[in-house]
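Protein chains in written order, with my numbering: chain F, 1 to 390; chain L, 1001 to 1396.
Some hints here could point you the wrong way.
With a Cα cut of at most 25 Å, we get these calculated DMTMM-like pairs of lysine to aspartate or glutamate [what the hints assert, rightly or not]:
#, chain 1, residue 1, chain 2, residue 2
1, L, LYS1059, L, GLU1082
2, L, LYS1344, L, ASP1299
3, L, LYS1085, F, ASP345
4, L, LYS1339, L, ASP1299
5, L, LYS1157, F, GLU196
6, L, LYS1140, F, ASP219
7, F, LYS349, L, ASP1227
8, L, LYS1160, F, ASP219
Listed next, with one range per pair, are the computed distances between beta-carbon atoms [unchecked claim]:
#, chain 1, residue 1, chain 2, residue 2, range
9, L, SER1089, F, THR141, 26 to 34 Å
10, L, GLY1364, F, ILE171, 41 to 49 Å
11, L, THR1088, F, GLY353, 26 to 34 Å
12, F, ASN199, L, GLU1236, 21 to 29 Å
13, L, MET1348, F, THR141, 53 to 61 Å
Reference listing, derived: stretches of chain L covered by chain F, where coverage requires no fewer than 3 residues with Cβ under 8 Å from a Cβ of chain F [to be verified]:
#, region
14, 1092-1103
15, 1158-1168
Worth flagging that the hints you see were computed from the coordinates, not collected in a lab.
Where is the CB? At the ideal position from N, CA and C, for every residue including glycine.
In case you want the letters, here they are:
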Amino acid sequence: MTQISPVPTSPAGASGQAPSARPAQGRAARTSLLKKFEPLLISCASICATLLLFGVFLVVDGLNPLDVYEVMFRGAFGTWFSFQNTLQRSAPLMLTALCTALPMQLGLLVIGGEGALVVGGVSAAVVGLSMHDAGSYTMLTAMLLAGAISGGLWIALVGALRAYRGVNETISSLLMSYIAIALMNHLVEGALRDPESLNKPATRHIGDANMLGPIPGLDVHWGLIYGVVACLFGFVLMKRTIFGFAAAMTGGNMRAALLSGLRVRQLMVLTCFLAGAAAGVAGMVEVAAVHGRANASLVAGYGYTGILVAFVARQNPLGVIPVALILGGIGASGGLLQRNFSLPDASVKVLEGILFMVILVSETLYGKLDLWSFARSATARKSAQAGAVA
Amino acid sequence: MGMTNGVGQKSSSRRVFFSCVGLLLSATSLLSCNKKSEAAGIPAPAASGAASAAPAPQKQFTAGFIYVGSKSDYGYNQAHAEGAKTLTSMGIKVREEENVPETLDVQKTMESMINLDGASVLFPTSFGYFDPHILKMAEKYPNVIFLHCGGMYTEGKHPKNVGSYFGYIDEAQYVAGVVAGMTTKTNKLGFVAAKPIPQVLRNINSYTLGARSVNPKVTLSVIFTGDWSMPVKEAEASNSLIDQGADVLSCHVDSPKVVIETAERRGVFSTGYHASQAALAPKGYLTGAEWNWETVYKDYVTKIQKGLPWEHLVRGGFKEGFIKMSPYGAAVSDAAKAKAEEAKKKFMDGTFLIYSGPLKDNAGKEVIAAGTQMAQRDIKLESMGYLVDGVKGSVH
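Looking at chain L on its own, in the form it has when it is part of the complex (with noise of 0.2 Å):
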């Protein structure tokens, strides 16, 4: 441009600044769009990329919960959401979804979850939830922190921002053991359980060797439904379990609601798992297994408000307070009490260990060598195939 026309040329450099004025003005808002959607729907990232590594604070946030079944099922879900309860006392905000199914369901409910309500911290509690759908999403949204129930994590393996975490609850399978033990008349137990898979094998030797401990005649019968949730099966192995003359009922399903009522109907005992289900059997509830997931939630959401690092992978027992015991039902005899106590002290002392040898499997074979102790962290528990002696039933 010339300098001939000085009009020109001042009206000229005035449209170039309304004009950069203009594009600095609509680029800001876009920026602060940007900052506002980020505010309303994205939740809070963590300061870096690990989530664990540098965490920064959140005093209040979303957390997620993700059940497989009914949270008011007086089992599996039940536990969770008597866990999540607790936690709206911390000043955070709970919301939770039930009967989502292991699908590319759960992977939605995630997503939607963190999109719509803002979640920061999921709990997708149920142990199929895990692979693949949590390590999916956990790459999908790194700033997000999703904490599974299952005890599953791999370091190096699976993302940063994954927490999973579980309970030795064969060792209050244990003393229920004991408790059963002490209580029948017949000297036959019996137990309802979904498939034959190490965690399930576990609790069934657990509660055996529990009984067997305090009455070396009690045998113990199994009968494996197929799956987690299969109310008329239960029902049916129930009932043949105590034609078959047991009389001390005790399950591994998602709820053992039907296995209580039916025990309590046909006028036996029974011991819980996952929660109570006193309420479902006045008469014949003598005690149960139950997971206490309030100490493990409460711990992570402490850790994960103050900023500090939270653990990858978190197991414990009664040490630890991650499992408890139903209290005593009106037919559990003193000597049983005093019995069940002294088991549950040397848990707590750390001063005895479930699975030591030698132990045999029903078929007579040793699987546990004389002279071996197995911790409850050893490797070699978590891929149990075998049934301990005393037990009617097989594995296949």
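Just chain F, same shape as in the assembly (with noise of 0.2 Å):
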């Protein structure tokens, strides 16, 4: 349909609402259009862009940034092994950056996946531990749901405390990341040691014929799939039910949310909770699947990594996995730039934090690109109101 259509086809136009409407129904259907590929739009603009400055950074290092960029994509995804190591990498990403992601829809800053992750592999290597004689399959879903659980409510008492005391939730869960951390360390140098593990202290190992295999078919374990449904589980929750309905209208104004009688301090802890639960069942995972125990290598810095995607995802749950896929890629290729070019590891890092800082100063361009659009339906209306006075 165009604006200067005399007939109006639209509830708008047939609900006999003034002339002036129909150009302004018009443009709305092609800003939505708009909107709908902004985000995709404005995401790949930004990754060339940061492409484009560590091309510069490249080149101020003495190197061809093409080679750099195909060594790199030959590390992340041009080969099958290439691949499945992408997507190994990704599997955790996946499930931290729901940690910032989820309460994010509530306007809630959560930096505190890792302490979340800590607190879910440790519970889960205990249940584990707890009940050896199960058989694997009840071993691991206990094990799965103490991930979750411990995780959820690690994150809970963040968003409890916001929500009933004001606390900063940014603060705090970084604060009780340290805590977890502690915690942790306590608990596998002391009451849970393993007296074998002399000098990387550990908790016993919950045996091999236990573990969490491998995804039939890939060298990949099944952390990944446990992401890609969280993934969808969230996407699915925040914008296709009257809980996320209700989560967007608190993060878009919380006073409006709370004038409307939305629960908003139950909403916050619930959010939290599943936000933390998703970051546990990432430690589950680590103990499940890679270590067998608990020990100081849960602290891996996923929980930090995940914000990132989480940001450059601008906290879709959907956007979660495609972004995680990219960001697993750069850790997957980083080994061969420090190899093949002999690039110290803090490349990947600058590389990462051009990513940050240009996907943060994109977010001002949404909305702004409406003004192309803006100018063409501004002449339009001319016409239009030109028409109207003929």
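Hints are included, so try docking the two chains, each in its own frame, into the full complex.
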């Protein structure tokens, strides 16, 4: 439909509004189309800008950016091995990214995914060890639940502190991470320590037979499936349910949400619970699929990289999946950068940093892209008015 | 087929012939393809399954080094990187990757080095890489040699293509302790340590015993930071120890940089660890306990190049050349140097053992009975859980 169409074909026109609503309605249709592609467009542009900026960095370092990007692509997606490497690395990031992305729907910035991951991992190990004879399926299910619930409660506490005591959730979740790590160290070096783990304190092993294996046909563990399912669940919950609508409303304007009778506090605690549960599951996967025990290796920074993933995905649970793949790919190819170009590991951090900054800056572009369509619709409105006068 | 139509028979047999040739050709091309991919991607396999039993000589190969931190950390990782650097002169290719955490990441890095760089010998240097990461990869790639720093190999339990090496660096800590004990004015030493695990406790105890062997009035205060790399806590601990009167600091953390720099800034002495930190503290750096991985790495590479069997478990101290001291700093007196050289000579001769009874822990309990001597290889030392008399601090 075009904006100067004289026949009203939409309910807006049919409902007998003023004639000036017609072009506005057409504009709305086009803007909504633009809006749909806006995130994709801006995200792609941001990634291109990042590559461009990092390219300058590489040129200063005396390298040809195209060579570097070719190697990076090979290391991340170029071979079957590389691609599985990327998939594997993205798995924990999907789960920890949700720990930031879900509360963000309510306007809460939670950055304590690392703590929830550690708590989830330790609880999963404890539960797994306490039911050694139960059979691997029962045991893994119990571990999954333990990881999810403990991680969930950990971040739910952050949500509750915010909802009921007004404590800033960003600070409290970060500080709670330090507490979680200290607790974990205390436990694996004390009460839970396997006496045989001399120089690397850890809990006992859950047993090779009870480990979470790889996905059939792939060299990637089940954590990837957990991650994808959690992201899909998060997306449906936040974008397709009343709960999600209430969350979005709270995030948009908390006072309005309160005035319209939403139970904002419960919403906060529950969302934080789900967020923490996702990170807790990531911890469970680390224990059940990788280490077989809980130890300091749980503190690997997945929680913090998850924040980056959530922001680049613009807090959209579905967007987390491709972004985690990109970050996983950067991780997978980061090693090749070091080995082929003898770049320091910090260069990967520079790339991630540039990406993060560009994404943050690009946030300001949203809505600004309308300028172009706005100008056109303004001329269109004029001609429509001219038509009406005639 | 009948004999009635000669032409038909001829053409059909020709068809069979050609199809046979075609099959053969495609088969050989496939085979040669396979061979090519083997040559390009997969590392040269040793002749037999057991790498050490009858290894094929590999003159040139790619060795992959993996570090848990930065390879210029003035510490643990730098010591390994310095060793790795000496290998390039031996005609092999060295590929390095730093800041690889002890998670699946290191497994993927090992696989990536094998699959994409064609590495056939890997040196994953962090202690925590061994179980489960190296063990898992060693089973998956039986033709690749995995040499791990930590001395954790157990015959019969671990894969045959795995080796593990470690050094008795507590001998060097003992000598550094001698220098510290001779230099201190306040008779108080300070030690910043990561975790109260056997390997760290052994260093603290040896350092203390070294210091007290020349100066019985010395006490050593230890602060545990809780993890291997905690720069802020290390600075706090250093300052706190200096505030308590310690005038020589040492440490066992991944990177001694912060401790040594803090000591220098506060105007006290320091002894280093892992690598030389002399450049960070030109005034106060006395000496330091350093790894000498060059010896170990060159030995392994030579054996692999010649196709000789290599040992699965390698350990050594001063005598074997696995460890060394940093050159003495300007502040070290001649008397201190003499005492230190004397101690070092006894280690070289093998006439001295650090742990011999009677030895009491700092709670007064006897941990080694009179008349008992513990050699460096003694398995009991591997599970040390005490601090000796003269140490202020607790393992709990």
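Hints versus structure:
A hinted pair counts as satisfied when its Cα atoms are at most 25 Å apart, and LYS1059(L) with GLU1082(L) qualifies at roughly 22 Å. Proposed proximity of LYS1344(L) and ASP1299(L) is supported: the alpha carbons are some 23 Å apart, at most 25 Å. Only pairs whose Cα atoms come within 25 Å are accepted, and LYS1085(L) paired with ASP345(F) is accepted, the gap being roughly 18 Å. With a C-alpha separation of about 31 Å, the suggested pairing of LYS1339(L) with ASP1299(L) is violated against the 25 Å cut-off.
As the CA atoms of LYS1157(L) and GLU196(F) are separated by approximately 15 Å, the hinted pair is consistent with the 25 Å bound. Between LYS1140(L) and ASP219(F) the CA atoms are separated by roughly 12 Å; this keeps the pair inside 25 Å, and the hint holds. Among the hinted pairs, LYS349(F) with ASP1227(L) is consistent with the structure: their alpha-carbon atoms are about 22 Å apart, no more than 25 Å. For the hint pairing LYS1160(L) with ASP219(F), the CA-to-CA distance comes to about 23 Å; that is within 25 Å, so the pair holds.
Our hint of 26 to 34 Å for SER1089(L) and THR141(F) is violated, since their Cβ atoms are close to 56 Å apart. At about 46 Å, the beta-carbon gap between GLY1364(L) and ILE171(F) stays in the expected band of 41 to 49 Å. In this structure, THR1088(L) and GLY353(F) meet the distance hint of 26 to 34 Å, their C-beta atoms being roughly 32 Å apart. At about 25 Å, the CB distance of ASN199(F) to GLU1236(L) agrees with the hint of 21 to 29 Å.
Checked against the hint of 53 to 61 Å, the C-beta distance between MET1348(L) and THR141(F) comes to roughly 59 Å, which is consistent with it. Under the rule that three or more residues need a Cβ within less than 8 Å of chain F, the assignment of the region 1092-1103 of chain L holds, with 9 such residues. Counting residues of the region 1158-1168 of chain L whose CB lies closer than 8 Å to any CB of chain F gives 0, which falls below the minimum of 3, so the coverage claim is violated.
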